[in-house]
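**Q** Sequence:
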Amino acid sequence: MSKLTLALVAHDHKKPELLAWVKQHIDVLKQCNLVGTGTTGGLIASETGLDVTRYKSGPLGGDQQIGALIAENKLDALFFFWDPLNPAPHDPDVKALLRLCSVWNVPVACAPATADLVITSPLFLSPDYKPVKPNF
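Using full-length UniProt numbering, the first residue of the sequence shown is number 1, and each one after it goes up by one.
Because the hints were derived from the structure by calculation, they are not lab data. By construction, the Cβ of each residue, glycine as well, lies at the ideal position given by its N, Cα and C atoms. Any given hint could be a false lead.
[What the hints assert, rightly or not] Calculated cross-link-like contacts (lysine-lysine; reagent style DSS-like; alpha-carbon spacing at most 27 Å):
1. LYS56 / LYS95
2. LYS95 / LYS74
3. LYS15 / LYS133
4. LYS30 / LYS15
5. LYS23 / LYS56
6. LYS95 / LYS133
7. LYS30 / LYS133
8. LYS130 / LYS95
9. LYS133 / LYS23
10. LYS23 / LYS3
11. LYS130 / LYS15
12. LYS130 / LYS30
13. LYS3 / LYS56
14. LYS15 / LYS3
15. LYS74 / LYS130
16. LYS74 / LYS30
17. LYS56 / LYS15
18. LYS15 / LYS74
19. LYS133 / LYS74
20. LYS74 / LYS23
21. LYS3 / LYS30
22. LYS74 / LYS3
23. LYS56 / LYS74
24. LYS30 / LYS56
[What the hints assert, rightly or not] Simulated restraints on C-beta separations:
25. THR114 / ALA88: 31 to 41 Å
26. ASP27 / PRO134: 12 to 22 Å
27. ASP12 / ASN135: 16 to 26 Å
28. ASP128 / PRO87: 38 to 48 Å
29. PRO87 / PRO16: 14 to 24 Å
30. GLY49 / SER2: 16 to 26 Å
31. PRO127 / ASP12: 33 to 43 Å
32. LYS30 / PHE136: 30 to 40 Å
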């Protein structure tokens, strides 16, 4: 079985929350290929020692780069701790990213509670789990 590829993304006010979540689940995350947007990916790599492939910052195109992975069926889950109380100038990009997860049946977690449920699911690392992908 090939490793799962997971995207780790967080808005500025949510970066500490995502970092704490990553540290809590580091043993599982070590078994996965990790990607992230610029600052978030760098923070996670420097604070945890995990290898994170970094794309551009979200507002500079990183959200679209993650979206491209989804559309190319190269992303298995998105952990995007977004901040619903602080609108960002790239909100349309965020909504497009979340929409792509629904279109391509990619699990997405936007808060620690959901992220905990996803990553602790017995299906998460199971080689038998194959989510149905749309046939476009």
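**Q** If a hint holds in the structure, say so; if it doesn't, say that too.
**A** Hint-by-hint comparison with the structure:
{"no.": "1", "hint": "LYS56 / LYS95", "verdict": "holds (17 Å)"}
{"no.": "2", "hint": "LYS95 / LYS74", "verdict": "holds (19 Å)"}
{"no.": "3", "hint": "LYS15 / LYS133", "verdict": "violated (30 Å)"}
{"no.": "4", "hint": "LYS30 / LYS15", "verdict": "holds (19 Å)"}
{"no.": "5", "hint": "LYS23 / LYS56", "verdict": "holds (23 Å)"}
{"no.": "6", "hint": "LYS95 / LYS133", "verdict": "holds (20 Å)"}
{"no.": "7", "hint": "LYS30 / LYS133", "verdict": "holds (26 Å)"}
{"no.": "8", "hint": "LYS130 / LYS95", "verdict": "holds (25 Å)"}
{"no.": "9", "hint": "LYS133 / LYS23", "verdict": "violated (30 Å)"}
{"no.": "10", "hint": "LYS23 / LYS3", "verdict": "holds (19 Å)"}
{"no.": "11", "hint": "LYS130 / LYS15", "verdict": "violated (30 Å)"}
{"no.": "12", "hint": "LYS130 / LYS30", "verdict": "holds (21 Å)"}
{"no.": "13", "hint": "LYS3 / LYS56", "verdict": "holds (23 Å)"}
{"no.": "14", "hint": "LYS15 / LYS3", "verdict": "holds (25 Å)"}
{"no.": "15", "hint": "LYS74 / LYS130", "verdict": "holds (13 Å)"}
{"no.": "16", "hint": "LYS74 / LYS30", "verdict": "holds (18 Å)"}
{"no.": "17", "hint": "LYS56 / LYS15", "verdict": "holds (16 Å)"}
{"no.": "18", "hint": "LYS15 / LYS74", "verdict": "holds (24 Å)"}
{"no.": "19", "hint": "LYS133 / LYS74", "verdict": "holds (12 Å)"}
{"no.": "20", "hint": "LYS74 / LYS23", "verdict": "holds (24 Å)"}
{"no.": "21", "hint": "LYS3 / LYS30", "verdict": "holds (10 Å)"}
{"no.": "22", "hint": "LYS74 / LYS3", "verdict": "holds (11 Å)"}
{"no.": "23", "hint": "LYS56 / LYS74", "verdict": "holds (17 Å)"}
{"no.": "24", "hint": "LYS30 / LYS56", "verdict": "holds (22 Å)"}
{"no.": "25", "hint": "THR114 / ALA88: 31 to 41 Å", "verdict": "violated (20 Å)"}
{"no.": "26", "hint": "ASP27 / PRO134: 12 to 22 Å", "verdict": "violated (32 Å)"}
{"no.": "27", "hint": "ASP12 / ASN135: 16 to 26 Å", "verdict": "violated (38 Å)"}
{"no.": "28", "hint": "ASP128 / PRO87: 38 to 48 Å", "verdict": "holds (41 Å)"}
{"no.": "29", "hint": "PRO87 / PRO16: 14 to 24 Å", "verdict": "holds (20 Å)"}
{"no.": "30", "hint": "GLY49 / SER2: 16 to 26 Å", "verdict": "holds (22 Å)"}
{"no.": "31", "hint": "PRO127 / ASP12: 33 to 43 Å", "verdict": "holds (37 Å)"}
{"no.": "32", "hint": "LYS30 / PHE136: 30 to 40 Å", "verdict": "holds (34 Å)"}
The earlier numbered hints that this structure contradicts are 3, 9, 11, 25, 26 and 27.
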